[in-house]
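My request is simple: use the sequences and hints to build the entire structure.
Residue numbers (the working numbering), protein chains in the order written: chain Z, 136 to 885; chain H, 2 to 201.
Since the hints were derived computationally from the structure, they do not count as laboratory data. Glycine included, C-beta positions come from ideal geometry on N, C-alpha and C. Possibly wrong hints are sitting among the right ones.
Stated by the list, open to error - Pairs of lysine-lysine, DSS-like flavour, derived with a Cα cap of 30 Å:
1. Z:Lys770 / Z:Lys551
2. Z:Lys536 / Z:Lys556
3. H:Lys58 / Z:Lys287
4. H:Lys58 / Z:Lys220
5. Z:Lys328 / Z:Lys556
6. Z:Lys692 / Z:Lys826
7. Z:Lys672 / Z:Lys687
8. Z:Lys248 / H:Lys58
9. Z:Lys672 / Z:Lys692
10. Z:Lys189 / Z:Lys698
11. Z:Lys551 / Z:Lys536
12. Z:Lys289 / Z:Lys259
13. H:Lys56 / Z:Lys220
14. Z:Lys450 / Z:Lys307
15. H:Lys58 / Z:Lys243
16. Z:Lys248 / H:Lys56
17. Z:Lys220 / Z:Lys243
To be verified - Label-pair distances were calculated between CB atoms; the ranges are:
18. H:Arg165 / Z:Val209: 29 to 37 Å
19. Z:Lys698 / H:Lys201: 47 to 55 Å
20. Z:Ser361 / H:Lys201: 53 to 61 Å
21. H:Glu169 / Z:Asp240: 48 to 56 Å
As the list claims (entries may be wrong) - Sample of chain H residues facing chain Z (criterion: CB under 7 Å; computed from the structure):
22. Val117
23. Arg118
24. Gly121
25. Val134
26. Thr145
27. Leu175
Chain by chain, the residues run as shown.
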Amino acid sequence: MSSPNNLEKKDEVFPTSPPSEQVSIRAGFPGLSRMIETSRRNPNDAPPWSLDTKFRIVGTEVPRLDGLAKATGVAVYPSDFRPPKLLFAAILRSPIPKGKVAEIDISKAETAKGVLAVAVATNKGRQVRYVGQEIVAVAAETRALAEDALAKIKVVFDADEAFDADPIQKAKAKLPEVDALPASLAEAGANGKEEAVLRMAFETQVQMHHPLEPHGVTAWFKPDGSLEVWASTQGTFMMQRSMAQAFRLPPSRVHVMTPVMGGGFGSKLQAGIEARLCAELAMEAGRPVHLFVDRRGQALAMGNRPSSLHWIRAKANRQGKILDWEAESYGFPGFAGSGRVAYPTFYRGVRRPRHRDLRGNTGAARAFRAPGHPQGFFAAESMIDELACRIGMDPLEFRIKNVDPIHAMQLKMGAKAFGWKQRFNPKPGRSPEPGGPLRGAGLACTRWGGMGGARARVLCRIHQDGTVEVRNGAQDIGTGTRTVLAVVTAETLGVDIKRIRAHIGDTRDPAGPSSGGSTTTPTLAPAIRHAAWLAGKELLDRIAEQKRLPRKSLSLKGGKILKDQKAFLSFEEACRLIGPEPIEAMGQRYRNWRGFAGGVAGCQFAEVEVDPETGIVQVKRILAVQDCGTVIDKKTTESQVIGAIIQGLSYALFEERLLDAKLGRVLGTDLEHYRIAGSMEMPEIIPILNKGCNGHNNTGAAGIGEPPTIPTSAAIANAVRNAIGARVHQLPLTPDRVLAVIDRIHGGKQ
Amino acid sequence: MDSIPPFSRRTFLKGLSLAPLTKLPAEVLHERRHAPLPAGEEEILQLQVDGQEWKGKVEARTTLLDLLRNRIGNTGPKEVCDLGACGACTVLLNGRTVNACMTLALACQGATVVTVRGIGSPRYPHPLQEAFVEDDALQCGFCTPGMILSAFALLERNANPTRREIQEALAGNLCRCGTYTRIFEAVERAAAELRRRRNK
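Structure representation (structure tokens):
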């Protein structure tokens, strides 16, 4: 194709007729690719991007579209929305872990100052299953008045003393035998035998989500009986369906708005009881009600990553082959939810564990950024690492021998960039300076699906003034959904991104996915591309009609209209010709076809420094190599990788829900006593995007939110092993746990 | 935080004799701390918020954060922990950073309050706000207003902070999405830009 009038080669050319013939495209990574037959592709779909596509804006550094609104404090989060006559609600929670509500008297609250509505969540005779369960909600003129009224509610509980808040202790007693922990540095080192046979147990803690914006909604019934909800949610359409069901309304009579929201990490996928209580209060009061859960309620009732317990028996030979792998695991999800764990089964020889969940009387688990993965990967990657240590093989080499070609490529890439050879401590447990810090390096791999595929639709409008409007009703949990809409539209039409107006988070717009499983971008991107593609074609149709030209003579490239391959009209001139009615095209999300890989892969390298006197672990550096197919926006993609690593570091070193098992109470329900990594604990973080194209849909984009948080804790734990010379089997790696191991293997002295 | 104002919610709570409670389990202690403060008499409060005068009747137990968000309608500062642990509600009170959730509104009589909306707007953003966008130093953006004001106060007293000084200045601000390293970069970028403007 010639490129007249300074149009760049990389600009996409709109053909004059739909591409009917099936094409095969190159997918994978530079240096590791193959041709993909796209025979299952829908002929109406836009032509697919491939590894050979030269992009003008996709994959560049586009600042997020709503960044300035957020940074100047004018972005209206659901908890910021203040409609006229707004009431504020507060929730009374159960102080007992198990029992029944014997008596409940709300009369004094109903007549309390400023109170307009009271809604009972757990009525007389109903079960109480954990400390923090919602009992009653009150709506009043101010939050303080609502809290005053809560104090006037009388609840008598019929407490059941036979509760178990911490069933992990029971499971520990039943665990098969494990090897004695090494009592000296020599014992922990390579044993020089033909085979290493190990039996080890691992334990992970309960992690709380604590999104900064609390769970909740502002809801009201309009005069026509329809329900409007401003929700801090990860699924606007799921919220719409749930509320419609709860209030027996057709979904079209429930309108959910989430223009921006303050984090969820999996805990805001479902429409919780707080949303239903809020709408109940609003119905009773006949006014809008703002119900956002306070921080203590967040800690008790809004989900968590369950704790886990693992027992693994594994065998490896001196050549680095895993000969045997047997594992048992337990999860402790609270009174409900799933505690299942996932193992890195892409290692040859690693098998899934036999799993059991044990329920107890604490708040229910919810999906938490890669559910089950950080737990299982900490255990299995620790075991893999220990096998390598015991046979005296470099853990990097051991892994390369046992993984698939993509992981092997990434491990080599990462090791080189990280400087593995210089940073791996060849004498674990020894410091170059006597009494000085112990240094070490560790690594771990990750894998995730995140190919997307829900039946999303996207609306694209081209207006007479040359602006392009693109709409989908899904939300942005902080990943940059709005920016993805704009980037894919701008790329497809070849226009400047400043022309694009992206609208999200409104259920009156076309349906989109919930943000779970790292699927928002891979689900939406192909529909966005399809919508923009159809709109661009209609633009040519209208110009052909207006100018009475044969449609075949026109094409669109680099945002310009070409006639017989020569520049003809600018995008603006073309738009002026379309008339007052905008061009409107609805893009579809067709099914995925078989791409290059069924998921995304990555690996991480960590460098730590351990103080042998205090056991304090300092992470100095983390390097990640991560693939997510086509990178739509480099800046926001890297941000997600960095964020996932920081959350993983926080999980590895600090976060732990402490429990008073005798009382069934969670300790540390505020952000002062539940420790989350802060600015002082930040290492240097190097995110390397392993750019490629997965070739499973018209954009080849895959998800990124979850995969990079999976291996961080394992990589840090392995680095600590390399530094101190023996393994800590339990997360988080608190100073006391690290010190206990140092003391044991060094006999109390360095 | 720079300083604790003379009369804060923390000292107010202390006045309610917390001392005998300290032996209770942390959770019980927390519940007591979180119990609603008694409704008090109202007083007329006058203060300036982002350059605008505000005057009205305010209850003794009303916090500055409650006043800003629910009476004045400025939802720039965010409510996250409501106990001074996260810094999302950070504002400038007479030029110094405070947690608005730990500051009683009536302690701000005649004071000047600046929120994230007061240092710049989408049309005329402050270099810090521009830098946060440029470096993508935010994801969900809920910690951002507090982060920006803590950084703003730092740059007011130290035009050329080291990485360590930036980390220390932001130690009272929590981010859950994990944007810290990009925030450090943004603060450095803004500091350089402000120095450039000053030297012009």
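Checking one constraint from the list: CA of Lys248 of chain Z to CA of Lys58 of chain H, max 30 Å. Satisfied? 17 Å, holds
Are the Cα atoms of Lys220 of chain Z and Lys243 of chain Z separated by 30 Å or less? Holds, at about 23 Å.
Next item in the hint list is Thr145 of chain H. Is there a CB on chain Z closer than 7 Å to its CB? This interface hint holds because 5 Å falls under the 7 Å limit.
Decide if the proposed pair is consistent with the structure: Lys692 of chain Z and Lys826 of chain Z, CA atoms, cutoff 30 Å inclusive. 25 Å, holds
Closer than 7 Å between Cβ atoms is the bar; does Val117 of chain H clear it against chain Z? Give me holds or violated. Interface hint status for Val117 of chain H: holds (4 Å vs cutoff 7 Å).
30 Å limit on alpha-carbon distance, applied to hinted pair Lys248 of chain Z and Lys56 of chain H: 24 Å, holds
Can you confirm whether the C-alpha distance between Lys289 of chain Z and Lys259 of chain Z stays at or below 30 Å? Holds: Lys289 of chain Z and Lys259 of chain Z sit about 12 Å apart, inside 30 Å.
Can you confirm whether the C-alpha distance between Lys58 of chain H and Lys220 of chain Z stays at or below 30 Å? Within the cut-off at roughly 18 Å; holds.
Measure nothing beyond the straight line between the CA atoms of Lys672 of chain Z and Lys692 of chain Z; if it is 30 Å or shorter, mark the hint as holding. 11 Å, holds
Is the hinted pair Lys328 of chain Z and Lys556 of chain Z satisfied, with a Cα-Cα distance of at most 30 Å? 24 Å, holds
Does the hinted range 29 to 37 Å hold for Arg165 of chain H and Val209 of chain Z at CB? For Val209 of chain Z against Arg165 of chain H, whose Cβ atoms are near 32 Å apart, the range 29 to 37 Å holds.
Interface restraint verdict for Val134 of chain H against chain Z (beta-carbon cut-off 7 Å): OK, holds: Val134 of chain H within 7 Å of chain Z, min 4 Å.
Consistency with the previously given hints is maintained throughout, with no hint failing.
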